[in-house]
Amino acid sequence: MIWQFDIIILTLVIICGIAAISVRDLLGASILFGAYSFMMCLLWAVMGAVDVAFTEASVGAGVSTVFFVAAVFRTSRSSKD
Amino acid sequence: MKSIALTSVALLCAVLIYSTMGFPAWGDSDSPASTHVSDYYIENAVNDTAVPNLVTAVLADYRGYDTLFETTVVLIAGLACFFLLRRFKPRQPQHRLYRHIDTGITLIIEQGGKEPTDSEEFVRIDSRWVPYDLVIQQASCLVIPFLQLFALYVIAHGHHSPGGGFQGGVIFGATIILMAIANDLRSAARRVSERLGALMASAGVLIYAGIGALCILLGGSFLDYSALSKLFAFTPVMARSHGILGVEIGVAVAVSAVMIWIYYNLASAGRHEEGL
Amino acid sequence: MEELAAVFVARYNYWGVIILMGIGLYAMIAKTNMVKKIIGMNIFQTAIILFYISTAAKYGASIPIIAHGHGAQGHGIRAADYMNPLPHVLMLTAIVVSVATLGVALALAVRVYWNYDSLEEDEILNQIKAGQLNRK
Amino acid sequence: MTSQIPALIIVVPLLVSLVVSLAAWIRQSLCYAAALCAMLVAWISAILVMGRVINQGVITYRMAGWAPPWGISWHIDHFNAIILILIATVALINLIATRSTAAREFEDRPGVFYALYLLFVTGLMGIVITGDIFNLYVLLEIASLSGYALLGMGSGRAAVSSLSYLFIGTIGASLYLFGAGYLYIATGSLNMADIAAILPTIEQTGVIQVSFILCLIGLFMKMAFFPLHTWLPNAYTHAPNSSASLIAPLTTKVMIYVMIRIVLFVYQPEFAFAEMDIDRVIVWLAVIAILAGSMLAWKQERLKRMLAYIIVAEVGYMVGGFWLGNTAGMTGAVLHILNDAMMTLCLFLAAGAVISRVQTDAFGALQGVFTKMPFSMIAFVAGALSIIGVPPTCGFFSKWYLISGGMEAGHYAFVAALIISSLVNVLLFFRVIEIGYFEPFDSHHHKNGQTVREAPLDMLVPLLVTAGLLIVMGFYANTLVTWIVKPAISAATMGGL
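Here the protein sequences line up with chains A, B, C and D, keeping their order.
Here the first sequence stands for residues 1 to 81, numbered as in our numbering.
Here the second sequence stands for residues 1001 to 1276, numbered as in our numbering.
Here the third sequence stands for residues 2001 to 2136, numbered as in our numbering.
Here the fourth sequence stands for residues 3001 to 3497, numbered as in our numbering.
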C-alpha cells in the first residue's frame, strides 16, 4: 500500500465523479460513470481489497454501465443539467 | 435551489470532515477495527474452513447469512424489473424489418404480410438500431467461449484466489449480454430464454437456502455446513469447505441469470423483441 | 509542517470519501434528471463502500489470502501481515445491494418515461399539475 | 430440534418465496396456496417463540454455529417477539383479504407478486430478529427493494412516487450504513450486544456522537418522520391497493422498532438521553410532526391520501413518546406500534374494500356507502374510533400512556399536540362518516352502472377480524403491558431512567 499512488487515483476518482454528474449527454454520463467505477476499482486494488476490486470491475464498470446505456437507449439521451 | 443545495452539502461535508479527526490514522494496524474481531478470522479461518482466501471464508461461512440475503437482493432486483417492466402484449401496429444477408437490402413487412421466418437468406433486424458489423460479431464469437471458461474458473477457484460465485456469475452473465449486444436480443434469447433465466435465478438462491435448510435437517444450525459431514464422508472442516463451494455455485447461477434477465427487460423495455 | 503532513496522510482518504458523498448528495438534490439522480445515488453508495475499505487497510500488510494455505494449516499466521478481511466481505454485499438498487431504479425510471415521456423532474411535476387541473 | 424453531420464522418464508417464484413459471395457481402456507407456518412459529421467550427468557440463535461477535447471531427478547407476531399477523390477514384484489391488479403476474410479498415479509422479520448492525442493513434493503417494486406497479403517478421513495430510502439506508461504519471504526465490532459492551469503555472523541446522529437521520428518513416525510403520502396513495395495505401498516412501524432497538440496546439510554441531550429537540420535532400531519390530512380530498397523512402524524406520536425518556412514554410508544399497525391495516383494508366496489376513493363518490356496504363501514368506524382514541378500542390505551408520559416529563406541548390531533381526527373521520352515512346514495356518481354492494366474503371476513382484534387488544391492553411491554423496556433500561 503506497499512499502516493492512492492519492493520485483518489483525485482521478473525484474528477470522474464530478464529470459524470455534470455532462449533459446522458450516454456520456453513463460512460464516465463506468470510468469512475473503474478508477474506484483501482483504488481498492491499491488498498489490498482484491475481491472487492474484482467485483467492482465486473459489476460497477461492466454490468452497471450496460444497464445505464440500456436505460438511456430506452428513454432519452439529453438532459437539461 | 442549486446554490442552497451546494451550501448545505458543503456544510455537511465540513462537519463530517471535522469528525474524522477522531479516527485512528489510515493504515494503522492497531486500530480497533483491525484488532477486535478481524484477528480471529485471519488466525483461524484456515483451520476452521480450509479456505486460504479469507474473504471467501468469511463471506460464505462466518457471515454466510448476510451473503444469503445478498443473493436474495439480486433476485429481488430481477423480480422487480420483470414485475415493473414486462409487457406481454406485442406492440400494435407492428411492422418488422428483415435484411437480405448477401446484399444488405432491408425488407419492411407491414402487418399481415408473409414473413420470411425460416429463410436462410433473410435475417430479422431491429427497427431502431441496426448493428451489422462483421468484425464485432466474429470477434465476440471468438472471445465468448474463453470468457465463459474464465467465469467458471473464477467460480471454482474462489477458495484460493480473488473471485467466487458472485464475480464469476456476473462475468458469465456479461458474456450472454455481450452476445445480445453484438448480434441482437433474439439470438441471445434463443440460447438463454427468459423462462430459463427466471427459473435459474430462483433455483440458484434455492440451492443456497436449500443447503442451509439441509444443515437444519441434519441437526446443525441454519447454514452450519459442518453438519453436512454426517451425510458425506467428510471431516467437519472439509464439509465447511465443500459447503462453501456449493453455496458459491448457487450464487453464481442466480447472479448470472439475474444479470441476463435485468438486461433483457431494460434493453427491450419489457417486450423482449428488440434489444440494444 | 511535518505534523500537518502526517495528519493529511492519515486522514485524506476519509476526506476523499466525504467529498465523494457530497458530490453524490448534491447530484441527488440539485439535478432534475432522473438518470443523473441515479448516478448521484450510486456515487453516494460507492463513497460509503470506499469508507469501509479504508478502515480495512493496514500499512505493510498483504492481501487477505493466506500464502501457502494448505500444508502449513495456519501455523504462525500473524494478523498484522494481512489486511482486515471483514470490511471487504461487508462491502462485497454492499456493492451487490447497490447494483440491485440500480436495476430497480432504472426499471422505475423507464416506467416513468412511459407515463410522462420525460425524465426531467420539473416537467413531470408540471404534467401532474396540468392533469389535476384537467380533472377538475 | 425445538431449538431450531426461531429459524423457521425466516427460513420458511424465504424458501417458499423462492418456490413461488419458480412456480410462477410453471403453475401460477400454486403460488397463492404456497404463500398462505408459508405465512401460516411463520405465524405459528412466531407465537411459539413468544411462548418460549415468556417462559425461558432471551433466546440467542447462532447462525452457522459461530459464536458472536464472529458470526451473526439472533437475539430474541419480548420486544422483538411481539413485533414478529405483529408482522406475521398483519401479513397473513392482508394476504387473505387482498387475494381477489391482487388477482385483478396483477392479472398476468400474480406469482411474482406473491414472491415479492413473501420476500418483503422475510425482510421485515429479519430486520426485527437480527442482532447484527450490518445484517440489519442488508435486510433493510431486502424489505425496501421489494417494497419499491410493489408500490411502483400502480398506474399513473405510482412509478414517480416510488422512484422518489427509492431515492430518499436509499439515502436513508446509506446514512445508516455510514453511521454503522463510524461505530465499526470506533469499536471494531458489528454485533449489537458486543458494541453495547465496548461503547462505555472507549474514550469519547466525537466519532460515536456523529455515528449516532447519522444512524438516527437515516432511520428518520426511512420512517417518514416529519421534515423527511415527503415520500410517504404519494407512495402510499398511488400504490396498488393490495400492496399499500401490506406496506403502510408495517414499514414505518418496523423502522420505529429499529430506532428503539438501536438507541436502547446499542447506544444505551445513558449515552442517548443524558450525554447527547437531543431528546427535547426530537420531542419538539415530534410535536410539529403531529400537528403538521393532522393539518395536512385535513386538506386532503381522497381517503387513502388522508390516511397516509394520518400515518405521518402517528409516527410523531411514537417517536415523541419514545424520546420523552420515561417508562410511561416508552410503554405508550411500544404499545402504539402494535395498535397503530392494526388500526392502519383495518383502515387501509376498508378503503380497499370501498375502492373495489366504488372504483374511487374521492370523498365526493362515497355518498351512501354505509347503506350499501354496512359491514365494511362498521369495520372502518372501528378503525376510526381507535385512531381517535375512544375507550373500548386499543388506540385509547396507548394514547393514555403517551399522555401520562408527557405529563410526567413535563412536556405539555406534546400533550397538547396529542389532544389537538385527536380532535382533528374526530373531525376528519366525522367528515367521511357524514358523507357516507347521511348523504343519500347518488347513482349519478356511479356512471359505470355497476351496482355498489357489500364487499366479497374473502375480503370482508379478514376486515371484520381486524376490527375485532382492535377491540380485543383494547380489552387485553393491561395484560399486554404487564407481560410483554414492561419486560421489554426494563430489559433495556435495567430499571434505570
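Source of the hints: derived by calculation from the structure; they are not laboratory data.
Mixed in with the good hints there might be a few duds.
Cut-off 25 Å, straight-line C-alpha distance, at most; resulting in silico cross-link-like pairs (SDA-like, lysine to any residue) [as the list claims (entries may be wrong)]:
1) A/80 - C/2115
2) A/80 - B/1010
3) B/1002 - C/2121
4) D/3299 - C/2122
All figures in this text were calculated on a predicted structure; none of them were measured in a lab.
For each hint, the structure was consulted:
1. For the hint pairing residue 80 of chain A with residue 2115 of chain C, the CA-to-CA distance comes to about 19 Å; that is within 25 Å, so the pair holds.
2. For a cut-off of 25 Å, the pair hint linking residue 80 of chain A to residue 1010 of chain B stands: about 23 Å separates their Cα positions.
3. Proximity of residue 1002 of chain B to residue 2121 of chain C is assessed by CA-CA distance (about 14 Å); at most 25 Å being required, the pair is judged to hold.
4. In summary, the hint linking residue 3299 of chain D to residue 2122 of chain C is supported, as the alpha carbons are separated by about 24 Å, within the 25 Å threshold.
Consistency with the previously given hints is maintained throughout, with no hint failing.
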